[in-house]
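Trainee: The primary structure of each chain is shown beneath.
Protein chains: 2
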Amino acid sequence: MPDAENQTELPTDEAMHAMRVLRLKSGDELFLMDGVGNYFRAQVTVAATHHCYYEILEKLPQEPQWKGHLHLGIAPTKMMDRMEWMMEKATEVGIDEVSFLNCKFSERRLVKLVRLDKIVTAAVKQSHKAWKPQVNEMVHFNHFLEQPIQGRKYIAHCYEEVPRVELFDELRKPSDSQDATVLVGPEGDFSIDEVKAAVAAGWVSVSLGSARLRTETAGLAAVMMMQLAQK
Amino acid sequence: MPDAENQTELPTDEAMHAMRVLRLKSGDELFLMDGVGNYFRAQVTVAATHHCYYEILEKLPQEPQWKGHLHLGIAPTKMMDRMEWMMEKATEVGIDEVSFLNCKFSERRLVKLVRLDKIVTAAVKQSHKAWKPQVNEMVHFNHFLEQPIQGRKYIAHCYEEVPRVELFDELRKPSDSQDATVLVGPEGDFSIDEVKAAVAAGWVSVSLGSARLRTETAGLAAVMMMQLAQK
Chain Y
1019 MPDAENQTEL
1029 PTDEAMHAMR
1039 VLRLKSGDEL
1049 FLMDGVGNYF
1059 RAQVTVAATH
1069 HCYYEILEKL
1079 PQEPQWKGHL
1089 HLGIAPTKMM
1099 DRMEWMMEKA
1109 TEVGIDEVSF
1119 LNCKFSERRL
1129 VKLVRLDKIV
1139 TAAVKQSHKA
1149 WKPQVNEMVH
1159 FNHFLEQPIQ
1169 GRKYIAHCYE
1179 EVPRVELFDE
1189 LRKPSDSQDA
1199 TVLVGPEGDF
1209 SIDEVKAAVA
1219 AGWVSVSLGS
1229 ARLRTETAGL
1239 AAVMMMQLAQ
1249 K
Chain B
1019 MPDAENQTEL
1029 PTDEAMHAMR
1039 VLRLKSGDEL
1049 FLMDGVGNYF
1059 RAQVTVAATH
1069 HCYYEILEKL
1079 PQEPQWKGHL
1089 HLGIAPTKMM
1099 DRMEWMMEKA
1109 TEVGIDEVSF
1119 LNCKFSERRL
1129 VKLVRLDKIV
1139 TAAVKQSHKA
1149 WKPQVNEMVH
1159 FNHFLEQPIQ
1169 GRKYIAHCYE
1179 EVPRVELFDE
1189 LRKPSDSQDA
1199 TVLVGPEGDF
1209 SIDEVKAAVA
1219 AGWVSVSLGS
1229 ARLRTETAGL
1239 AAVMMMQLAQ
1249 K
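Chains Y and B, in that order, are what the protein sequence lines are. Using the working numbering, read the first sequence as starting at 1019 and increasing by one per residue. Using the working numbering, read the second sequence as starting at 1019 and increasing by one per residue.
Since the hints were derived computationally from the structure, they do not count as laboratory data. Glycine included, every Cβ here is placed at the ideal spot set by N, Cα and C. Be a bit skeptical, because a hint or two may be false.
Have a look at the derived ranges for each label pair, beta carbon to beta carbon [claimed, not checked]:
| id | chain 1 | residue 1 | chain 2 | residue 2 | range |
| --- | --- | --- | --- | --- | --- |
| 1 | Y | 1128 | B | 1215 | 45 to 53 angstroms |
| 2 | B | 1210 | Y | 1128 | 43 to 51 angstroms |
| 3 | Y | 1068 | B | 1219 | 25 to 33 angstroms |
| 4 | Y | 1073 | B | 1135 | 39 to 47 angstroms |
| 5 | Y | 1046 | B | 1205 | 50 to 58 angstroms |
| 6 | Y | 1068 | B | 1196 | 54 to 62 angstroms |
Calculated pairs, EDC-like style, for lysine to aspartate or glutamate (alpha carbon to alpha carbon, straight line, at most 16 angstroms) [claimed, not checked]:
| id | chain 1 | residue 1 | chain 2 | residue 2 |
| --- | --- | --- | --- | --- |
| 7 | Y | 1171 | Y | 1081 |
| 8 | Y | 1249 | Y | 1081 |
| 9 | B | 1249 | Y | 1184 |
| 10 | Y | 1249 | B | 1052 |
| 11 | B | 1249 | Y | 1032 |
| 12 | Y | 1249 | B | 1032 |
| 13 | B | 1249 | Y | 1187 |
| 14 | Y | 1249 | B | 1135 |
| 15 | Y | 1043 | Y | 1032 |
Okay, chain Y solo, but in the shape it has when bound (with noise of 0.2 angstroms):
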């Protein structure tokens, strides 16, 4: 939860759930986390019906598990499911930042926010993240390319006219920056007025492999190159 430090109090979920299912009273110890890289050991000071009281008994700053910020920029697909599996595993396997883009092809221009919350804080918590993923709201694509974005910066797309190199060969290149972003288009791709914007703005071209994935997929597997190569 979030600032669960300068709290005394569960949100009213976290309440009915630590009482109704973990059946905690007062006096019992429960773990907290931030997600901003702490746990805290705590104590149920007064257990209530749909509240929940707590005092902090000791903060336990985690270690990052991974080195650098990596930042996953994918156009949602048309299924949500397919988004929302994709958030949960990426999630587990460790993710700084999502941002969604809205793009020229996309099949999708709208996602809630608020429901893909939920699936990355029970990833968070299944899986013992002490961090939470930064999760963005939807931006234009053109507007995201005029962002400030620190480090290392890849489009993957799929147009043999364009070339590309390895997205995880180049991510094990030695670099001034442990930090990430790889960007992946919908269902049809980035148009290539898109992918030549974007290697206009110093985004480097890349290939995700010889395969041929779906976007959720393809999103999952850049979380996953970016992990094994920044270990």
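We have chain Y; now place chain B onto it with these hints.
Mentor: Chain B alone, transformed into the frame defined by chain Y:
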């Protein structure tokens, strides 16, 4: 479709798809795959309501997209939808064989291969694979260990008391064999006796990295590591 070369009629469901969705008529061209390395350029000879006959015009043998035979052994998850998406994604990324393991802590001891076969077939078509993965009936873990398996053999688990090396590092080492098999346990992991039995039988004890992964995510991570190491 299996044995496409020696048949002259599409299976009923493919015939329905060819005529109702693709609206193929007599004389139209179509592409067939046999799932064992060949595409075929063919021509519709007769298109009736539930029947579609064809003749092969050209056999187009394909090059393998990766080296060696890649095999995943996995204990299926309690929720079958999680196995289904893993099978879809593993097929897209690239796998030759999947075996389901019945382990001590398995939460599922039965898999219906008919439904998985449909998912795998759809993923083979969608990702334009010339080879279809072989999916085996569930076997007891101990029985699986008794089977003769070629190449490098790894068992992934979470027991800190059994020394583990990193799977990806191992896969990247030079080896006499390109073939690799990785075993992934159920939600509750393999039992320590199962791990020890595998190690005694020559399997290398490995870790998939520091992230705590669900069974289906671990399975897909293993497939992606095999692919990245085998390119």
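Trainee: It remains to establish, for every hint, whether it holds in the given structure.
Mentor: Hints, verified against the model:
1. Y:1128 / B:1215: 45 to 53 angstroms: Cβ of residue 1128 of chain Y to Cβ of residue 1215 of chain B: about 52 angstroms, so the range 45 to 53 angstroms holds.
2. B:1210 / Y:1128: 43 to 51 angstroms: holds, 49 angstroms
3. Y:1068 / B:1219: 25 to 33 angstroms: This hint is violated: roughly 54 angstroms between Cβ atoms.
4. Y:1073 / B:1135: 39 to 47 angstroms: Since residue 1073 of chain Y and residue 1135 of chain B have Cβ atoms about 55 angstroms apart, the given range 39 to 47 angstroms is violated.
5. Y:1046 / B:1205: 50 to 58 angstroms: Given range 50 to 58 angstroms: violated, Cβ gap about 26 angstroms.
6. Y:1068 / B:1196: 54 to 62 angstroms: Taking Cβ atoms as reference, residue 1068 of chain Y and residue 1196 of chain B lie about 59 angstroms apart, which means the hint holds.
7. Y:1171 / Y:1081: violated, 25 angstroms
8. Y:1249 / Y:1081: holds, 13 angstroms
9. B:1249 / Y:1184: holds, 11 angstroms
10. Y:1249 / B:1052: Violated, at about 40 angstroms.
11. B:1249 / Y:1032: violated, 46 angstroms
12. Y:1249 / B:1032: violated, 46 angstroms
13. B:1249 / Y:1187: holds, 11 angstroms
14. Y:1249 / B:1135: violated, 36 angstroms
15. Y:1043 / Y:1032: holds, 14 angstroms
Figure legend: structure checked against the earlier numbered hints; hints not met, in rising order: 3, 4, 5, 7, 10, 11, 12, 14.
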